[in-house]
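A.B. asks: Protein chains in written order, with the numbering used here: chain A, -15 to 96; chain B, 8 to 114.
To be clear, the hints were calculated from the coordinates, so they are not data collected in a lab.
Quick caveat: nothing in here was measured; it's all calculated off a predicted structure.
We treat Cβ as the ideally placed atom computed from N, Cα and C, and that holds for glycine.
A few of these clues could be false.
[Claimed, not checked] Below, computed lysine-lysine pairings styled on BS3-like, alpha-carbon distance capped at 30 Å:
{"id": "1", "chain 1": "B", "residue 1": "60", "chain 2": "A", "residue 2": "6"}
{"id": "2", "chain 1": "A", "residue 1": "25", "chain 2": "B", "residue 2": "75"}
{"id": "3", "chain 1": "A", "residue 1": "6", "chain 2": "A", "residue 2": "20"}
{"id": "4", "chain 1": "B", "residue 1": "60", "chain 2": "A", "residue 2": "3"}
{"id": "5", "chain 1": "A", "residue 1": "28", "chain 2": "A", "residue 2": "3"}
[Unchecked claim] Part of the chain B face toward chain A, derived, beta carbon under 7 Å:
{"id": "6", "residue": "48"}
{"id": "7", "residue": "49"}
{"id": "8", "residue": "55"}
{"id": "9", "residue": "97"}
[As the list claims (entries may be wrong)] Listed next, the stretches of chain A that the computed footprint assigns to chain B, with coverage defined by at least 3 CB atoms under 8 Å from CB atoms of chain B:
{"id": "10", "segment": "23 to 34"}
{"id": "11", "segment": "78 to 86"}
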Amino acid sequence: DTAVSQTPKYLVTQMGNDKSIKCEQNLGHDTMYWYKQDSKKFLKIMFSYNNKELIINETVPNRFSPKSPDKAHLNLHINSLELGDSAVYFCASSRLQGNEQFFGPGTRLTVL
Amino acid sequence: KNEVEQSPQNLTAQEGEFITINCSYSVGISALHWLQQHPGGGIVSLFMLSSGKKKHGRLIATINIQEKHSSLHITASHPRDSAVYICATHTGNQFYFGTGTSLTVIP
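Put together the whole structure using the sequences plus the hints.
C.D. replies: This is the structure in structure tokens:
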């Protein structure tokens, strides 16, 4: 009965590849988020979606694109992966924008 | 300068000690969040507050809107409290995160 789940947990890939990370929440929340946590453990918000509308699009490269097929899913697509994309990516959800957030377990992406 | 500053960056305490982690922010906010990141990497939301004080078990969070300051207190600390504690603010569509406070509680 995981509230927020992400797949895969680990992702190792070569530079230049395209990859996706999936996120699903079963809490009935209206807002979902993607965060990047770098090697220095600094957490930075990348995107949030509210009812399938992009609300926040921080200054991330356009190689990153969120895709929300429905309210329960927010997938992260990354094109032309670069070494600097190596990080842990967390998905989260909240009932409304800015409310208490529930985090997924994270996906550790390593780009070789 | 980061919009959210936390202190201390690192903290080591003996089991049973009272712990305080501070968070100062420079922008107006709708709410302030305290998050806990376990050594295994999982992140849990501890508090969301916009005024006053909240308490969950041994954890207490306070906020002073006028001074743009929040504190997280842990009473009777325990080794299982060892984690990184992250302060984050939210206003409109903007989220700002502190760099975290790494707490180690020694038995």
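A.B. asks: Indicate, hint by hint, whether the structure satisfies it.
C.D. replies: Structure-based check of all given hints:
{"no.": "1", "hint": "60/B <-> 6/A", "result": "violated, 36 Å"}
{"no.": "2", "hint": "25/A <-> 75/B", "result": "holds, 24 Å"}
{"no.": "3", "hint": "6/A <-> 20/A", "result": "holds, 14 Å"}
{"no.": "4", "hint": "60/B <-> 3/A", "result": "violated, 43 Å"}
{"no.": "5", "hint": "28/A <-> 3/A", "result": "holds, 20 Å"}
{"no.": "6", "hint": "48", "result": "holds, 5 Å"}
{"no.": "7", "hint": "49", "result": "holds, 6 Å"}
{"no.": "8", "hint": "55", "result": "holds, 5 Å"}
{"no.": "9", "hint": "97", "result": "holds, 4 Å"}
{"no.": "10", "hint": "23 to 34", "result": "holds (count 7)"}
{"no.": "11", "hint": "78 to 86", "result": "holds (count 6)"}
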